[in-house]
Amino acid sequence: MASACEFPDELITRPLGYVALAGLDSQNNAMHRSIWDTFTVNRRQEKVLNIQLIPGDAEFPRKKPKQRSSYEFYIPKGIFKTNWMKKHMSGLPALVVVFYDLDWNDPQWKEKQTECASRVAVIRSSLYGRNSKIAVVLIQKNMPLPPGEDPQAVHRAESLCQACELPSKSLFVLPFSDHLHGYVTRLEGAFYEIAQAYYTAEAKYVKQHKELLNKSQHQLLYVRHQFKIGFYNELKQDPNAALKHYKQSYQYLLEHRLTDINNLEIKLCAGFLNYKICKISFQLTAPLDAIGQFRKHMDYFKQKSGPSELLFEHFAWVAKQFHLFGELFQEAIKNGLQAIQTQHPGFYYQSAANATMTRREYCKKICQFSEAVNSDVLSGHLEFYGQRPWRPGCQANEAPDPGLEQAGILCLQAQELAVEHFLVIIPLLSNAVGQFREFKCGRMKRSCMTQMGEEYFKAKDYTKALNFLNRVAPYYRAERWFELLSSLLVTALRCAYLTASAQDYITFSLELLGEHSSISNDEKTRIQMNLMRVANNTIPEPEPGCDEESIIQAKQSWSELLQQTNENTVIYTIDVTSLAGFVQCKTSLEADNFHLNEMASIKVYLQACSMYPIRFSELGVKFNNTLYDERCVKQDKTDHATDENSDLYLEPKKVKIQEFKFILSPDDVEQKLEVKQLYLRLGDSIVLSWTGSGLDANISPSFDSTNYGGGRLPIKTSTDGNILWDSIHISPITDILPRDSLISMSVHHDAPALVDEYYPLTVTITNTESDKINNTRLKITETLTTEKTLPSLYKDTAEDENAVSVIEVDLKTMETGQTEKSTIYLKANEMGQRTIEFQVTYNMSVSVGEEMVNCSCSKNESVEVNIQIPFSISVKIASLKFQQIDKVHVGETFTAITYIKSTSPWPIDITSSEMVLTKNFQEANGNLTSQIAGLELQENDIASECSCLLAPLDTHRSLMNLPHKTLQMGRYLVNWKRRSSKKVVTTKVNLPNVNVEFIPFFVEATIPPYGRMQECMLCHYTVYNHTNRVLEVEVVVKASGAFMLAGSSQVQLRILPHKKHSLSYNMYPLVCGEVLLPQFHVNLPQYQQLNSDAITQKMLPTHAFVKPHATHRKEPLTPQDIQVK
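The numbering of the sequence shown is the working numbering, which starts it at 57 and goes up by one.
Honestly, the hints are just simulated from the structure, not real lab data.
All C-beta atoms, glycine included, are put in the ideal place defined by N, C-alpha and C.
The reader is advised that the hints may include incorrect statements.
The list that follows gives simulated cross-link-like pairs (lysine-lysine, DSSO-like), each with its CA atoms no further than 30 angstroms apart [what the hints assert, rightly or not]:
hint	residue 1	residue 2
1	K1116	K1154
2	K303	K352
3	K303	K520
4	K137	K103
Ranges of calculated distance between the beta carbons of each label pair, as one might list FRET restraints [stated by the list, open to error]:
hint	residue 1	residue 2	range
5	G777	T398	50 to 60 angstroms
6	T1158	K1116	19 to 29 angstroms
7	S82	E221	25 to 35 angstroms
8	K390	T170	23 to 33 angstroms
9	K390	E843	53 to 63 angstroms
10	A1150	H1114	17 to 27 angstroms
11	D852	Q939	48 to 58 angstroms
Start from the sequences, fold in the hints, and give me the full structure.
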């Protein structure tokens, strides 16, 4: 191929300063091998030098013997030399390092010094005329002393530098020790500095030539010198300076005039510079600069096509530019650049592929094969990039030898004809597909996949082409891009023919015959004829545009395939649901539901869009129940394929209707009947299958959700009497319902129901059918709203009956007019609403068509029962003074008062009540008896009763060391019944939890129920010790002005564990009425934290009732006898 696609590896490879190491025998010397591995293999940091191992007598590129001192009469022959970059990257080192094994104390120092100097002299002679630096590294086995402490080392180092004619900075020592990696790293740093100095000097040397140049004669040298300076800066790892000089070189190049002679050279060199500028811009995280540079580059050169005979060469160069930039862009993304969906490498790979396709087109137009072409014209080595072998170094405006120029062009054309362009295009498209997939550009990805399929077709790899086209076609079909789809299917049909893929060939033919296909009518006619040949097991005619050799092989493959089809009866089933085929079908079940005593009816509408009428051999409908499949099959047994009276003979654009009627099965009652599949058989081996109703929403433009089920619209017809296809209603689903029941059923009950009562519901069933009914069953079901809802239905009110959610009653056979009654009970344990379903099922034989069908009929009735509580119960915990308390003391009597408020609209009789206590509490006065037994409560009536309870001391000794504990008291039971019912039920409620506190003592007062003024009252105060130790008690009695007190007013006691002590006092009342008693105070020195006095005051009565003094009067009192004070 011509050099338009030429791109040297030196441009792609990252430029690194070249350092050559001599004197290391890595093959035979283990020490040298370790040093070399440290330089090359065991690296941790990024490479900044290109370090290579060379032999001691290596030859380097020689410098030209004569240096140019003036450019006055010099005419440059080209721009970039082909060997210059390679020479400076791997040929001419910036630094040559000579390694030599020599210790400072070596006994043979003189001899080895001389040998080392001779090696350096050999290297220096090889580099004669070059500015490359030379350094010496002494490999020493002994660790050197710190600088200045070894006079011998200093003296010998100076001697060695003089012998080798090297400055002292070029002599290094490498101790071979455990820290070898650190020493090598320091050496690399020194080598890098020397190499930088070398490349800086080289760049300055090139800059000096600028003063000797003029733009009229040396425009190409301006370009070359700036490129060299930029390349030197890259070698010294200064990308910013390199970018500056590359841009300047590119600008000088644009100023040069383009001709047909230098067109390729200018474009190639511009491509090199553009590549360098874009690459460094990406490295400097300036992607917008790189993209902008590339766009300007292509905008300028895309019209610079050069000679018309070599247009293919221009597009080869364009493709290479897009390809290289795509690779740069992709590499930048791998290094962390964030690309976007509208700007990523995929577009550049695709542009490169498109340019290569254009190149191929021009190759077909321009290039002509000729055996007289002399290929020797293209032989020979070129000194400059982009020049022609038959006129190297030519910078004239016209070709020096037109005949030779024409011969060279013919050779390039012949060379282009040998290029397999698809080998270039397919990898580019594959890269583009990968990028479009990564950035989620679905449509662009599919466009490239389509191009790949076409390229594989041109490459005669028909299997891969068919694979790619098959993967893209569904998307174009779904998005309704029928123009693109038709173009794709034409190529796919050719691939299917050439690969003898009958399944694909039939599929593509069906779709190309459809109304959405954009191919010509003649093509549709030809495809229809071929389709009929395949249906009749004959070989189809070849597709136009196929290779002749491939057609011969395809005919042989088709012959073998059809032979196997005839022998094994192969059926090709084509799913046309999602295809835009030439046959359309719709199904419509004639009603949204059918009763079991009715005939089900379904209509199938068929329409063909082919060029000529077509006859199918069989039509079938398949349901979700295979029982009905055999009842909906229509076979066309007409002998003549063109018989218009045939049921399955379809004329273009004319709708044909096929109706099926069938009897429904009793087993499918309450089920849905759904059309699962329709099929049409064409010939003996082709079956067209539709999933569902036959309509695909992606293809049919008339699809509307309102036409899929829902209201049924009338079918419209055209002026010529043909049915309008878009007006046909689609209904693929229907419900199978049981025969309507004619019996009567009623439910009687008195709402609302009360919680815990047996609530009766009576159902009455009367047979009003025209004949007796069999297997009659009544099913009563309670709807449980949540998982926690318990069943509450009972057959009777027996105590051992368990609640259920379903009750079934067998009524057997009922004659016409017969009535049956049944009662069930509902007992709910919580208020709310319950739904009870009553269902009567029975069998009855009815006539459907010409058959007798045993129909199962049912009658349903639903009852909502509102449930409310019969009464509300509240409990109050109080002291013996009937004051509400929040905690009780162990061993102290307290009261539990219950209040029952009726909320029932019906009268309620309370038969008894009971308080069931836990072991933590007991009755204070023995067994409790119900105080509300026999009461009748109307709505809003309230009944109450009071019970005296205590927390026994023996049970609560565990609370001795605790402040208090919350305990459960037990449950309160109320036995009651509705006035109209005889069944007594029990309602149970939980008594409230009580905080029980243990106190170490208890005080009990024994006081007469009343006293009489001026008569002595004997009162006893008893103090109990509830603890397990002796209790010290201080008692103080404070006198009251209403009493005279006789007894100890202050006393200290010691009470043994679980014992008591009584104190007696004579109280002499001085006044009458409700009189304040003397205050009895108790203090416990052992329990200072306990407010014992406050507790004591709550235990004891505070007042006593005192009657007046008894007097004996014979006459009644008068107002004057009473003195009011």
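Here's how the hints hold up against the structure:
The hinted pair formed by K1116 and K1154 meets the criterion: a straight-line CA distance of about 19 angstroms does not exceed 30 angstroms. Restraint check for K303 and K352: satisfied, since their Cα atoms lie roughly 13 angstroms apart, inside the 30 angstroms limit. The hinted pair formed by K303 and K520 fails the criterion: a straight-line CA distance of about 45 angstroms is larger than 30 angstroms. Taking the CA atoms of K137 and K103, the gap is about 27 angstroms. The hint holds against a cut of 30 angstroms.
At about 55 angstroms, the beta-carbon gap between G777 and T398 stays in the expected band of 50 to 60 angstroms. Remark: the range hint 19 to 29 angstroms for T1158 to K1116 is upheld by a beta-carbon distance near 22 angstroms. Between S82 and E221 the beta carbons are some 27 angstroms apart, a value that agrees with the proposed interval 25 to 35 angstroms. Checked against the hint of 23 to 33 angstroms, the C-beta distance between K390 and T170 comes to roughly 54 angstroms, which is inconsistent with it.
Remark: the range hint 53 to 63 angstroms for K390 to E843 is upheld by a beta-carbon distance near 57 angstroms. In this structure the supplied range 17 to 27 angstroms holds for A1150 paired with H1114, their Cβ-Cβ distance being about 24 angstroms. Distance hint check for D852 and Q939: the Cβ-Cβ separation is about 49 angstroms, which falls inside the suggested range of 48 to 58 angstroms.
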